[in-house]
Amino acid sequence: MGVDNAALNPVSISAVADAPVVTVKKSRGYLLIWPAFLYLLAFLIVYPFGYNVYQSFFQYSMLTDTSLFVGLKNYIGLFTSMEYLNSIWVALIVAFFSLTIETLLGLSIALVLNQNFKGKVLARTLLILPLGTIPVINGYLFNILFFPDASVVDHIFNVLGFVQGPINWLQDPIKARIVIIAMDVWQWTSFMIIMIIAGLSSIPESYYELAQLDNMSSWKTFWRITLPKIKFPLALAMLIRAMDLLKFFDGVYALTKGGPQSATETVSYYIYRIGFKAFNVGYASAGSIIVWAIIWVMSFIVISKVFSAKEKAA
Amino acid sequence: MKKVQRESWGYKLFRLVFLLFFIAVFLLPIWWMIKTSVIARTDTVLYPPHYLPNGLEFDGYIRIWNDQGLPYLYFNTIRINIMAAVLALLLGVPAAYAASRYEFWGKEGGFMFTILSTRFLPPATALVPLFFLYKYLGLVDSIWGLVVAYAGLNLPIVVWVMRSFIDEIPMAMEESYMLDGHSRVTAFFKIILPLSAPGIAAMFMICNFLTWGEFLLAAVLTTTIPNQTLPIGAAQLEGDIGILWQQITAIGVLGAIPITLIIIFFQRYLVRGFSFGILK
Numbered sequence: 001m002g003v004d005n006a007a008l009n010p011v012s013i014s015a016v017a018d019a020p021v022v023t024v025k026k027s028r029g030y031l032l033i034w035p036a037f038l039y040l041l042a043f044l045i046v047y048p049f050g051y052n053v054y055q056s057f058f059q060y061s062m063l064t065d066t067s068l069f070v071g072l073k074n075y076i077g078l079f080t081s082m083e084y085l086n087s088i089w090v091a092l093i094v095a096f097f098s099l100t101i102e103t104l105l106g107l108s109i110a111l112v113l114n115q116n117f118k119g120k121v122l123a124r125t126l127l128i129l130p131l132g133t134i135p136v137i138n139g140y141l142f143n144i145l146f147f148p149d150a151s152v153v154d155h156i157f158n159v160l161g162f163v164q165g166p167i168n169w170l171q172d173p174i175k176a177r178i179v180i181i182a183m184d185v186w187q188w189t190s191f192m193i194i195m196i197i198a199g200l201s202s203i204p205e206s207y208y209e210l211a212q213l214d215n216m217s218s219w220k221t222f223w224r225i226t227l228p229k230i231k232f233p234l235a236l237a238m239l240i241r242a243m244d245l246l247k248f249f250d251g252v253y254a255l256t257k258g259g260p261q262s263a264t265e266t267v268s269y270y271i272y273r274i275g276f277k278a279f280n281v282g283y284a285s286a287g288s289i290i291v292w293a294i295i296w297v298m299s300f301i302v303i304s305k306v307f308s309a310k311e312k313a314a
Numbered sequence: 315m316k317k318v319q320r321e322s323w324g325y326k327l328f329r330l331v332f333l334l335f336f337i338a339v340f341l342l343p344i345w346w347m348i349k350t351s352v353i354a355r356t357d358t359v360l361y362p363p364h365y366l367p368n369g370l371e372f373d374g375y376i377r378i379w380n381d382q383g384l385p386y387l388y389f390n391t392i393r394i395n396i397m398a399a400v401l402a403l404l405l406g407v408p409a410a411y412a413a414s415r416y417e418f419w420g421k422e423g424g425f426m427f428t429i430l431s432t433r434f435l436p437p438a439t440a441l442v443p444l445f446f447l448y449k450y451l452g453l454v455d456s457i458w459g460l461v462v463a464y465a466g467l468n469l470p471i472v473v474w475v476m477r478s479f480i481d482e483i484p485m486a487m488e489e490s491y492m493l494d495g496h497s498r499v500t501a502f503f504k505i506i507l508p509l510s511a512p513g514i515a516a517m518f519m520i521c522n523f524l525t526w527g528e529f530l531l532a533a534v535l536t537t538t539i540p541n542q543t544l545p546i547g548a549a550q551l552e553g554d555i556g557i558l559w560q561q562i563t564a565i566g567v568l569g570a571i572p573i574t575l576i577i578i579f580f581q582r583y584l585v586r587g588f589s590f591g592i593l594k
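If you read the protein sequences in the order shown, they are chains G and H.
So for the first sequence, the numbering used here puts the first residue at 1; every next one is plus one.
So for the second sequence, the numbering used here puts the first residue at 315; every next one is plus one.
No wet-lab data here; the hints were simulated from the structure.
Each hint should be verified, as a subset may be incorrect.
Stated by the list, open to error - Among chain H residues calculated to face chain G with C-beta under 7 Å, some are: (1) TYR325; (2) ARG329; (3) PRO343; (4) PRO363; (5) LEU366; (6) ASN380; (7) GLY383; (8) PRO408; (9) ALA412; (10) ALA413; (11) ILE429; (12) THR439; (13) VAL473; (14) PHE529; (15) PRO545.
Said to hold, decoys possible - Simulated coverage check for chain H against chain G, where a stretch passes if three residues somewhere in it have a Cβ under 8 Å from a Cβ of chain G: (16) 331 to 340; (17) 348 to 360; (18) 484 to 495; (19) 546 to 557; (20) 576 to 582.
Given the structure is predicted, the values throughout are model-derived calculations rather than measurements.
C-beta: ideal position from N, C-alpha, C; glycine also.
Let the sequences and hints guide you as you build the complete structure.
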């Protein structure tokens with residue numbers, strides 16, 4: 001088996017042998033974490049991450065194909081660049097609203113789908129279908145749905161009497177952001193629904209029966225029983241979404257290209273534009289390291305708060 | 315045991331309206347994708363819009379089959395995602411087992427957090443260095459390059475989710491089996507693997523969901539149709555003569571079919587596999 005070969009890998013064994021290992025077992029099974037770790041180390045950490053750290057201190061010139069050491073100049077430049085700060089702000093706004101709406105919507109839909117009624121499986125299937133679509137194609141699709149002067153959404157809003165005339169979604173900064181958020185919510189609420197239903201379905205029925213014997217209101221049952229029980233899957237799902245949202249790219253690329261002006265230019269798109277269109281590699285690298293640091297801090301707080309509580313509960 | 319039913323008619327009506335509303339909202343874009351793929355280009359954006367196609371045209375499908383190398387794109391997307399998920403599971407499940415069953419130096423803050431942190435970099439960032447690394451390894455414009463990259467993207471999620479899954483399996487089950495004279499390795503294959511099979515199956519599906527539509531890495535690391543995937547094929551249809559809506563949505567419809575089939579046939583396992591895994 002590949003597993004055994006990997007565990008016997010001489011490199012990984014010698015690398016750990018000198019480390020002060022505290023182990024409760026005589027077996028060396030803990031070495032099994034090394035194949036995964038080395039894989040990520042090789043393909044993502046050492047080279048890509050190291051390259052970015054290195055390049056973030058240099059200014060690259062395409063003309064001469066040389067790099068000049070500039071110290072912290074790229075970082076200072078970014079922190080005083082309105083474009084960069086704006087792109088971080090946009091990413092944060094999009095991530096905040098998308099995540100909030102996806103969580104609340106996912107939670108309400110999952111709670112309803114967790115009840116017993118006719119057609120439940122059909123409803124659940126239909127509500128998680130958007131998960132199967134391809135993000136970049138959704139960008140083009142939402143382009144049609146919100147097309148200037150011929151938007152389907154405008155038509156529905158007009159028919160329902162919410163507005164009169166065209167809304168021009170993609171020409172207005174605020175409305176364009178709403179479209180971006182709507183697109184993400186549309187596709188990824190399904191992901192939240194699946195994760196939350198999974199959490200809900202493992203709460204034993206007897207808990208609810210006890211709550212009923214106690215005459216607990218459904219509101220109280222939710223806060224006292226349901227929510228504490230699904231806290232970890234919910235936190236994990238939200239963390240996965242938050243990490244991906246802060247790197248939001250595909251939809252922006254296919255739908256707005258960052259416009260109008262730079263209202264929907266997320267930090268991922270900014271890095272792509274600066275690095276690949278303007279070939280300002282040093283700036284793009286420094287910009288990525290900053291994003292990496294932001295997500296690092298966020299994840300660290302979430303994990304140490306939520307998952308250390310999990311260990312205490314165990 | 316069945317839950318005691320105490321639902322009023324008012325509530326049942328509310329639930330019906332609530333679900334129908336969201337089903338309608340969720341399905342509208344999907345319907346629009348299907349509809350756009352089978353109408354004439356000139357009918358794509360009309361006001362007021364036609365909610366049903368007036369006449370069927372399969373031009374988009376024929377063109378992507380003939381001009382865009384659809385068979386390649388489709389087959390590549392499927393096999394790259396499956397192989398990447400399998401590779402991530404082969405590396406990730408043993409790692410999750412180690413993290414769940416052993417205490418060792420630097421486990422949480424060192425190994426586990428570093429593994430997760432590989433998902434923190436914006437995708438655009440990894441592109442340039444990965445491209446150079448792949449060029450050196452001869453992996454540029456090869457499906458193997460994408461398999462390796464996608465496995466790397468999935469690995470952190472696999473390790474983290476499978477770890478909490480294995481945490482759920484009582485240690486006593488392995489220990490009593492080992493007391494019967496079996497080794498830890500046999501215990502892993504005979505006890506842990508079968509018990510975590512639902513979680514592994516669910517994880518396999520989630521891996522496919524997460525990388526199925528990956529765009530940026532595939533766009534830079536592959537250059538010719540025989541090695542490209544569906545999202546790249548779609549993005550190439552935005553050109554000088556405008557966006558070729560019919561072809562793009564046709565790729566969207568076909569691309570959604572495999573994942574949709576998984577959702578329809580395996581959602582029970584998805585829910586069951588996960589409910590066991592992510593809870594403590």
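Cross-check of the supplied hints:
1. The interface hint given for TYR325 of chain H is violated, since its Cβ lies 10 Å from the closest Cβ of chain G, which is over the 7 Å cut-off.
2. Interface restraint check for ARG329 of chain H: the shortest CB-CB distance to chain G comes to about 6 Å, inside 7 Å, so the restraint holds.
3. The beta carbon of PRO343 of chain H comes within 6 Å of a beta carbon in chain G, closer than 7 Å, and the hint placing it at the interface holds.
4. Because the smallest distance between the Cβ of PRO363 of chain H and any Cβ of chain G comes to about 5 Å, under 7 Å, the interface hint for this residue holds.
5. The interface hint given for LEU366 of chain H is violated, since its Cβ lies 13 Å from the closest Cβ of chain G, which is over the 7 Å cut-off.
6. The interface hint given for ASN380 of chain H is violated, since its Cβ lies 20 Å from the closest Cβ of chain G, which is over the 7 Å cut-off.
7. The closest approach between the C-beta of GLY383 of chain H and any C-beta of chain G is roughly 17 Å, which is over the 7 Å cut-off, so the hint fails.
8. Checking PRO408 of chain H against chain G: minimum C-beta separation of about 4 Å stays under 7 Å; hint holds.
9. Taking 7 Å as the C-beta contact cut-off toward chain G, the hint placing ALA412 of chain H at the interface holds, the least distance being around 4 Å.
10. Hint status for ALA413 of chain H: holds, given a least beta-carbon distance of 6 Å to chain G, under 7 Å.
11. Because the beta carbon of ILE429 of chain H sits about 6 Å from the nearest beta carbon in chain G, less than 7 Å, this interface hint is met.
12. Using the Cβ-Cβ criterion of 7 Å, the hint placing THR439 of chain H at the interface with chain G is satisfied: the shortest such distance is roughly 3 Å.
13. Among the interface hints, the one on VAL473 of chain H holds; its C-beta lies about 6 Å from the nearest C-beta in chain G, closer than the 7 Å criterion.
14. Of the supplied interface hints, the one on PHE529 of chain H holds, with its beta-carbon coming within about 5 Å of a beta-carbon of chain G, less than 7 Å.
15. Checking PRO545 of chain H against chain G by beta carbon gives a least distance of about 5 Å; that is within 7 Å, so the hint holds.
16. With 6 residues carrying a beta carbon less than 8 Å from a beta carbon of chain G, the stretch 331 to 340 of chain H meets the three-residue requirement, and the given coverage holds.
17. Restraint check on the stretch 348 to 360 of chain H versus chain G: 4 residues with Cβ-Cβ distances below 8 Å, three needed, restraint holds.
18. As drawn, the stretch 484 to 495 of chain H meets chain G at 0 residues by the rule of a beta-carbon pair under 8 Å; below three, the given contact is violated.
19. Closer than 8 Å: that is the beta-carbon criterion, and the stretch 546 to 557 of chain H has 4 residues meeting it against chain G, so the requirement of 3 holds.
20. With 4 residues having a Cβ less than 8 Å from any Cβ of chain G, the stretch 576 to 582 of chain H passes the three-residue criterion, so the hint holds.
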